[in-house]
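Note that the protein sequences, when read in sequence, are chains W and Z.
Reminder that position 332 of the first sequence reads as 332 in the working numbering, one-by-one numbering, no gaps.
Reminder that position 8 of the second sequence reads as 8 in the working numbering, one-by-one numbering, no gaps.
No wet-lab data here; the hints were simulated from the structure.
Please note that the accuracy of each hint is not assured.
[What the hints assert, rightly or not] DSS-like cross-link-like pairs, simulated, lysine-lysine; straight-line CA separation at most 25 Å:
hint	chain 1	residue 1	chain 2	residue 2
1	Z	LYS125	W	LYS446
2	W	LYS446	Z	LYS107
3	Z	LYS217	W	LYS280
[As the list claims (entries may be wrong)] Every beta carbon over 12 Å from chain W, so not counted as near; a handful from chain Z, in silico:
hint	residue
4	ASP83
5	ASN85
6	PHE88
7	VAL90
8	ARG97
9	CYS104
10	VAL105
11	ASN106
12	GLN108
13	TRP109
14	HIS110
15	ASP115
16	GLU116
17	ASN129
18	ASP201
19	ARG213
Note that the Cβ used here is the ideal one computed from N, Cα and C, for glycine as well.
For reference, the chains in residue letters:
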Amino acid sequence: MDELLAVVGYKVRSSDMAEVAQKLEQLEEAMGNARDGISQLSNDTVHFNPADISNWLETMINNLDVPPPPHPPLPQQHSGKAIYTTAAATADSLSPSSKRVKPSPAESSSSTRPLVLVDSQENGIRLVHTLMACAEAVHQNNLSLAEALVKQIGFLAVSQVGAMRKVATYFAEALARRIYGLYPENPIHHSFSDMLQIHFYETCPYLKFAHFTANQAILEAFQGKNRVHVIDFSMNQGMQWPALMQALALRPGGPPAFRLTGIGPPAADNSDHLQEVGWKLAQLAETIHVEFEYRGFVANSLADLDASMLELRPSETEAVAVNSVFELHKLLARPGAVEKVLSVVRQIRPEIVTVVEQEANHNGPGFLDRFTESLHYYSTMFDSLEGSVNSQDKVMSEVYLGKQICNVVACEGVDRVERHETLGQWRTRFGSAGFTPVHLGSNAFKQASMLLALFAGGDGYRVEENNGCLMLGWHTRPLIATSAWQLATKSVVAH
Amino acid sequence: MRTKSSITEKRIEEHSFLCLSSSKTIKNRVHQHTPCSTVFAMKRPISRDGDGNGDLLKMKKVKVDGDANAEENCVLRGMRYFDDNVLFEVLKHVDARTLAMASCVNKQWHKTAQDERLWELICTKQWANTGCGEEQLRSVVLALGGFRRLHSLYLRPLSKPYSSSSSSSSSSPTSSSVWGPISQAAVAPRPKPLPPRLGKDAVHLSLSLLSIRFYEKMSNFNNRTR
Numbered sequence: 001m002d003e004l005l006a007v008v009g010y011k012v013r014s015s016d017m018a019e020v021a022q023k024l025e026q027l028e029e030a031m032g033n034a035r036d037g038i039s040q041l042s043n044d045t046v047h048f049n050p051a052d053i054s055n056w057l058e059t060m061i062n063n064l065d066v067p068p069p070p071h072p073p074l075p076q077q078h079s080g081k082a083i084y085t086t087a088a089a090t091a092d093s094l095s096p097s098s099k100r101v102k103p104s105p106a107e108s109s110s111s112t113r114p115l116v117l118v119d120s121q122e123n124g125i126r127l128v129h130t131l132m133a134c135a136e137a138v139h140q141n142n143l144s145l146a147e148a149l150v151k152q153i154g155f156l157a158v159s160q161v162g163a164m165r166k167v168a169t170y171f172a173e174a175l176a177r178r179i180y181g182l183y184p185e186n187p188i189h190h191s192f193s194d195m196l197q198i199h200f201y202e203t204c205p206y207l208k209f210a211h212f213t214a215n216q217a218i219l220e221a222f223q224g225k226n227r228v229h230v231i232d233f234s235m236n237q238g239m240q241w242p243a244l245m246q247a248l249a250l251r252p253g254g255p256p257a258f259r260l261t262g263i264g265p266p267a268a269d270n271s272d273h274l275q276e277v278g279w280k281l282a283q284l285a286e287t288i289h290v291e292f293e294y295r296g297f298v299a300n301s302l303a304d305l306d307a308s309m310l311e312l313r314p315s316e317t318e319a320v321a322v323n324s325v326f327e328l329h330k331l332l333a334r335p336g337a338v339e340k341v342l343s344v345v346r347q348i349r350p351e352i353v354t355v356v357e358q359e360a361n362h363n364g365p366g367f368l369d370r371f372t373e374s375l376h377y378y379s380t381m382f383d384s385l386e387g388s389v390n391s392q393d394k395v396m397s398e399v400y401l402g403k404q405i406c407n408v409v410a411c412e413g414v415d416r417v418e419r420h421e422t423l424g425q426w427r428t429r430f431g432s433a434g435f436t437p438v439h440l441g442s443n444a445f446k447q448a449s450m451l452l453a454l455f456a457g458g459d460g461y462r463v464e465e466n467n468g469c470l471m472l473g474w475h476t477r478p479l480i481a482t483s484a485w486q487l488a489t490k491s492v493v494a495h
Numbered sequence: 001m002r003t004k005s006s007i008t009e010k011r012i013e014e015h016s017f018l019c020l021s022s023s024k025t026i027k028n029r030v031h032q033h034t035p036c037s038t039v040f041a042m043k044r045p046i047s048r049d050g051d052g053n054g055d056l057l058k059m060k061k062v063k064v065d066g067d068a069n070a071e072e073n074c075v076l077r078g079m080r081y082f083d084d085n086v087l088f089e090v091l092k093h094v095d096a097r098t099l100a101m102a103s104c105v106n107k108q109w110h111k112t113a114q115d116e117r118l119w120e121l122i123c124t125k126q127w128a129n130t131g132c133g134e135e136q137l138r139s140v141v142l143a144l145g146g147f148r149r150l151h152s153l154y155l156r157p158l159s160k161p162y163s164s165s166s167s168s169s170s171s172s173p174t175s176s177s178v179w180g181p182i183s184q185a186a187v188a189p190r191p192k193p194l195p196p197r198l199g200k201d202a203v204h205l206s207l208s209l210l211s212i213r214f215y216e217k218m219s220n221f222n223n224r225t226r
């Protein structure tokens, strides 16, 4: 039942709304035309369920004996989540909440001019259809058609508001790049992407969730060890490590000696930013009295690493953890790279390997499938950003995600690094590489839930447990997944 | 540690009567929030501050029982003699909200109410056992920004979902896992806003967030954002 009408006492099914609108128009016309026959409506017509407008209208129309004009059936079905419309200004008697943008399939409300309402809804549907049609044209290499469609998308996108508009714009840009062959420069300037990631970190809880859940797993694996070593494949600004160091500092019995090896891509401006990050962490460690050692490694790709470079110490003295947040999927661009990295990880003999990845399959062989998947994924992502308070952070986060969209849609071959895969796919990969899953504990789940509760606009976030892994999503759609692994030869099974 | 060398016996006597007669408001609040003890009965151990204060209060109790005449004198002298140490002792027993309000009264109260030890008491009253030693906790938290910050930025918002009045986190994150959503009714809402005990996870989360904030505020960080 449509909720807005229900508030004023009418019962109309949402699926019948368009029909009802049609009938109202018909009735209005008929009443306007039947100069002499209106009084019969009030005196002779018998209604049985006036709340049910649909039937009421039927009765009225039949009594006026008007033949139904041929109206084309208006489209009601659309692909769910991606469409957002604002309810047009409705009569004041209806609920005041009608102006809100609802994060659910569009519901129209009845007004004296229903056709105007349907149009804006239709634009949203048309936008999605055009995006899909354009992607299909590109897939079939029909570039002239694709070009025409991409221009249409631009116009349609402007008619939307909020998340849908931004998503459509980014996807349109990515499609245009693909069509015209204007591939984005790769690799992106590292300090710029660092800055974008910092804003993304602040705006939404995804990165924080990733760090907290991974840290919890690492902490548990490090229980009882006196010297610990973390190898971080995704060093960036080192935001994950203050919390871990603090937790180690407050360990009953005192902190262990903490060694960190940070691995990252080279900075384009030749600054040794990995070293700078190390210095900051060292300062923090000193403040909280944790013995700290740091080494930064610059590597173009994780596949360039060898276990021998890492100066590992015998495992009796030092427990090792390997951490990777949104880095492993990049290896899938080169064949054999991920297998090599996983074998290096095995050589390291870590206590635990923590992996956080996007929960989506953006690495399918067909362009159209990848496009559809990523359209849904990023629409949901952008939705979740809508609630954020700081608009500058929000814009930066959108640019950050926009770059990913561009890479997924416009690039190919080794340039296409955003090759996200689902948890199931990673499970298979890790399994065949000789790892067994480590289940994340319920305290990680609880901390994650509390973290989300603290987040402004956090009503839509959901934490899910999936066979020992934790996933964070927006409403029903999981967006990122944290998993933990250990070497298969270990006989000890964590809780 | 506050030095007691400057306080003579006589002043102690005067102060004790002052507390009794002129600080009615604070006393009332103290009684409200510590129903099973008065300032002078001191059932709650205050051994954190060492034996000095314990002795001070024992002395006070003795004096109170004794002399009733001095009361009149002290009412006339007023709040001038209400010095930092006594204020500190009194503020040890108030709740977070009162302590925060106390820091708005005047400069002296502001200085006293901002004392990290008072906020440490407030924080740890709320916690389940974190497992680590007191000294260990204190040194880490003070290094990372202090208990007052910890409380106002993280502990208080985390306590809110458990109070009956809050609506900000009323929609608890749902999940399809075996662990289910966190119980919103973990602490039954009481008529008086006594702080509910925070579980281990909430405490760890708060400490982690405090450390992240410290790291972010460290010099050089903002240069990166250009």
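Hint check results:
1. Simply put, LYS125 (chain Z) and LYS446 (chain W) have alpha-carbon atoms about 22 Å apart, close enough for the 25 Å limit, and the pair holds.
2. Straight-line distance between C-alpha atoms of LYS446 (chain W) and LYS107 (chain Z) comes to about 41 Å, which puts the hinted pair past the 25 Å bound.
3. Restraint check for LYS217 (chain Z) and LYS280 (chain W): the C-alpha separation of about 11 Å stays at or below 25 Å, so the hint holds.
4. The claim that ASP83 (chain Z) is not at the interface with chain W holds, since no C-beta of that chain comes within 12 Å of its own (minimum 34 Å).
5. Annotated as non-interface, ASN85 (chain Z) keeps its C-beta farther than 12 Å from every C-beta of chain W; the closest such distance is 30 Å.
6. The claim that PHE88 (chain Z) lies off the interface holds: its Cβ sits roughly 27 Å from the closest Cβ of chain W, which is beyond the 12 Å cut-off.
7. With a cut of 12 Å on Cβ distances, VAL90 (chain Z) stays outside the contact zone with chain W, its closest approach being about 31 Å.
8. At roughly 20 Å, the least C-beta separation between ARG97 (chain Z) and chain W is larger than 12 Å, which holds for a residue marked as non-interface.
9. Every Cβ of chain W is farther than 12 Å from the Cβ of CYS104 (chain Z); the closest lies at roughly 26 Å, confirming the non-interface assignment.
10. Against chain W, the non-interface label of VAL105 (chain Z) holds: every CB pair exceeds 12 Å, the least being about 30 Å.
11. Listed as outside the interface, ASN106 (chain Z) is consistent with that label: its C-beta sits roughly 33 Å from the nearest C-beta of chain W, beyond the 12 Å cut-off.
12. Here GLN108 (chain Z) stays apart from chain W, with its beta-carbon at least about 31 Å from theirs, past the 12 Å limit.
13. TRP109 (chain Z), annotated as away from the interface, keeps every beta carbon of chain W farther than 12 Å; the closest lies near 30 Å.
14. Residue-level check passed: HIS110 (chain Z) sits 27 Å from the nearest beta carbon of chain W, beyond 12 Å.
15. Once the 12 Å rule is applied to beta carbons, ASP115 (chain Z) is consistent with being away from chain W; the minimum gap is 21 Å.
16. Against chain W, the non-interface label of GLU116 (chain Z) holds: every CB pair exceeds 12 Å, the least being about 15 Å.
17. For ASN129 (chain Z), the shortest C-beta to C-beta distance to chain W comes to about 10 Å, within the 12 Å cut-off, and the non-interface label is violated.
18. Listed as outside the interface, ASP201 (chain Z) is inconsistent with that label: its C-beta sits roughly 4 Å from the nearest C-beta of chain W, within the 12 Å cut-off.
19. At the 12 Å boundary, the C-beta of ARG213 (chain Z) falls inside the reach of chain W, the nearest C-beta of that chain being 9 Å off.
Violation of the numbered hints given earlier is confined to hints 2, 17, 18, 19; the remaining hints are satisfied by the structure.
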